[in-house]
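Please construct the entire structure, taking both the sequences and the accompanying hints into account.
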Amino acid sequence: MNPSLVRKLPLVIAAAAALALPFVVTSPTYLHILILLYLYAYLTTSWNIVGGFAGVLPLGHATFVGIGAYTSTVLSLQYGISPWIGMLVGALLSSLVGVLIGLPTFKMRGAYFALATIAFAEGIRVMVENIDYLGPFQLNGPRGLQIPPLKTGLASFMFATKEPYYYIILVMLAGVIALTYAISRSKLGYYLVAGGEEPEAAQALGINVARAKLIAMAMSSFLTAFAGTFWAQFTLYIHPKSVMSLDISFEIAFIALIGGRGSIAGPLLGALLLRPVSDFSRIYFGDKLPGLHLIIFGVVLILVMLYQPRGLQEPLTRIYNRVMDRMCGGREAAA
Amino acid sequence: MKILELTKVRKSFGGIKAVEDFSLSVEEGEILGLIGPNGAGKSTLFNCIAGVFPPTSGEIVFRGEKINNQRPWDLCRKGLARTFQIVKPFATRSVLYNVMVGAFATTDKRAEAERRALEVLRHLHMEDRKDMRAGNLTIADRKRLEIAKALATRPKLLLLDEVMAGLRPTEVDEMVAIIKRLREGGMTIFVIEHIMRAIMALSDRIAVLHFGTKIAEGPPHEMAHDERVVKAYLGEEYGAA
Chain S
48 MNPSLVRKLP
58 LVIAAAAALA
68 LPFVVTSPTY
78 LHILILLYLY
88 AYLTTSWNIV
98 GGFAGVLPLG
108 HATFVGIGAY
118 TSTVLSLQYG
128 ISPWIGMLVG
138 ALLSSLVGVL
148 IGLPTFKMRG
158 AYFALATIAF
168 AEGIRVMVEN
178 IDYLGPFQLN
188 GPRGLQIPPL
198 KTGLASFMFA
208 TKEPYYYIIL
218 VMLAGVIALT
228 YAISRSKLGY
238 YLVAGGEEPE
248 AAQALGINVA
258 RAKLIAMAMS
268 SFLTAFAGTF
278 WAQFTLYIHP
288 KSVMSLDISF
298 EIAFIALIGG
308 RGSIAGPLLG
318 ALLLRPVSDF
328 SRIYFGDKLP
338 GLHLIIFGVV
348 LILVMLYQPR
358 GLQEPLTRIY
368 NRVMDRMCGG
378 REAAA
Chain W
4 MKILELTKVR
14 KSFGGIKAVE
24 DFSLSVEEGE
34 ILGLIGPNGA
44 GKSTLFNCIA
54 GVFPPTSGEI
64 VFRGEKINNQ
74 RPWDLCRKGL
84 ARTFQIVKPF
94 ATRSVLYNVM
104 VGAFATTDKR
114 AEAERRALEV
124 LRHLHMEDRK
134 DMRAGNLTIA
144 DRKRLEIAKA
154 LATRPKLLLL
164 DEVMAGLRPT
174 EVDEMVAIIK
184 RLREGGMTIF
194 VIEHIMRAIM
204 ALSDRIAVLH
214 FGTKIAEGPP
224 HEMAHDERVV
234 KAYLGEEYGA
244 A
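Residue numbers (my numbering), protein chains in the order written: chain S, 48 to 382; chain W, 4 to 244.
No lab work stands behind these hints, which were simulated from the structure alone.
As the structure is a prediction and not an experimental result, all values here were calculated from the model.
By construction, the Cβ of each residue, glycine as well, lies at the ideal position given by its N, Cα and C atoms.
You can take every hint at face value.
Here are the computed lysine to any residue pairs in the SDA-like style, where the Cα-Cα straight-line distance is at most 20 Å:
| id | chain 1 | residue 1 | chain 2 | residue 2 |
| --- | --- | --- | --- | --- |
| 1 | W | 112 | S | 262 |
| 2 | S | 154 | W | 74 |
| 3 | W | 112 | S | 229 |
| 4 | S | 234 | W | 94 |
| 5 | S | 154 | W | 73 |
| 6 | W | 112 | S | 228 |
| 7 | S | 234 | W | 109 |
| 8 | S | 234 | W | 114 |
| 9 | W | 69 | W | 56 |
| 10 | W | 112 | S | 233 |
| 11 | W | 133 | S | 231 |
| 12 | W | 133 | S | 244 |
| 13 | S | 234 | W | 110 |
| 14 | S | 234 | W | 121 |
| 15 | S | 154 | S | 257 |
| 16 | S | 234 | W | 118 |
| 17 | W | 159 | W | 55 |
| 18 | W | 112 | S | 230 |
| 19 | S | 154 | W | 56 |
| 20 | S | 234 | W | 157 |
| 21 | S | 234 | W | 134 |
| 22 | S | 234 | W | 133 |
| 23 | S | 55 | S | 375 |
| 24 | W | 133 | S | 365 |
| 25 | W | 112 | S | 225 |
| 26 | W | 112 | S | 231 |
| 27 | S | 234 | W | 111 |
| 28 | W | 81 | S | 247 |
Some residues of chain W that are not near chain S, with every Cβ distance over 12 Å (derived):
| id | residue |
| --- | --- |
| 29 | 10 |
| 30 | 16 |
| 31 | 66 |
| 32 | 171 |
| 33 | 174 |
| 34 | 181 |
| 35 | 232 |
Shown next, in the form of structure tokens:
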């Protein structure tokens, strides 16, 4: 067999397994956990375009989730516009806000950038919490917005069962992974990495570092807003705490740092590891030890930063490559 | 033809005058050496030319165009590449990746960038190290990588800032050979260097910078015996010798 085919085999198997999973996992609870796992893998992969490739640490991505969720929900509640169109409008708006936040903050370095993005995100959340109307748009402050489940179906982005949501977020995740893979191999990907590691050297090689980062931010905030609309349609109820809170931003960063920033597999691995911890600790210890998952995250993060500072993807990729080499080598020898 | 022309370039930081009324022109196809004691203003001058910061006054003309206030990335695309005295590799990435970043300045296609990067690496005898992490290279190879990255942008004029500092004598000889070969390929090279043996062997002309002003300019053998130059390097009491 062709060695490159052998290398692709595990990917094909994983994709097939993901597609078949809802036929095996029939419990809505477990399906719910899986959907959230994919959602966070999606969010972290989108975050990774700027937080991983460009080497900065944005900690305010919940803003973009919120913008996506609120835009599509307001448009559908007040104007009867399909959430699918609202999703696109939200993404464009989010992209614009992302660039506006990026313009002044990308000049800052390290922790200052992270703090500035937190400040923007919290500022926007507090604002939304304290106003009922933004111009003609009804936001309902802290009470949030409820989406009445009137008609289900693909056109209204609303379903009575969890399976359709599962497949939608799976397609979104596959799409965003394919996109980041393409970016990492493109000129933009090289420019982001170079600008993140050594900005001065990058500039001397013809790279407008600030512009590359803004493009990354625009793409990242665009994609993140999609997850917001998905969230709104999935839970049918949004409020500032649920779609704009710092917890979301932090969890994205946790997943990225533990899985491995700047790699394609990192966000997926991080979500696979951390989401179950978070969900099961809430199911089993939610009453006695609320917040246990955050303690576990912290401990895991410390261990990973000490022993695998480039995230879990690095040792796992190494093992994967070794296994693949052995398999391909063996097959070639046999042929 | 003059590829670079500096007229009365001056750069001050607050009250400190780092470069003062510096005029010089670089002819197409030559290797011009710039020497001077530590702190003479050599790197400041390079930074002005490469667009890191604009000169306080004076004029810098590159290929007939005034470039005083242009940014580094625009200048690079116009054919002006530089290396850094303190090497700046993209340390977590492979050597090939590093050079491809440079190659992307003049092409958008990944395959083409990779082809050009490999060509440059072959030219500098670094092809066997293309998959090594740039952060794991020896100092000599890091200096060479610094040149490879700059070359991959396909420059007309190459500014080399102390690419031989810290190298062993055999490595210096190799570097001299590499730079001479680049010139044979038609490139113009403006080089700052402290190692006298190397700069004497390389340069067609040498300019000497001392406390921000040019004190001498001429062919290498003349500069070596110029009294002003000897004084600048060794102090007044050696001037008579």
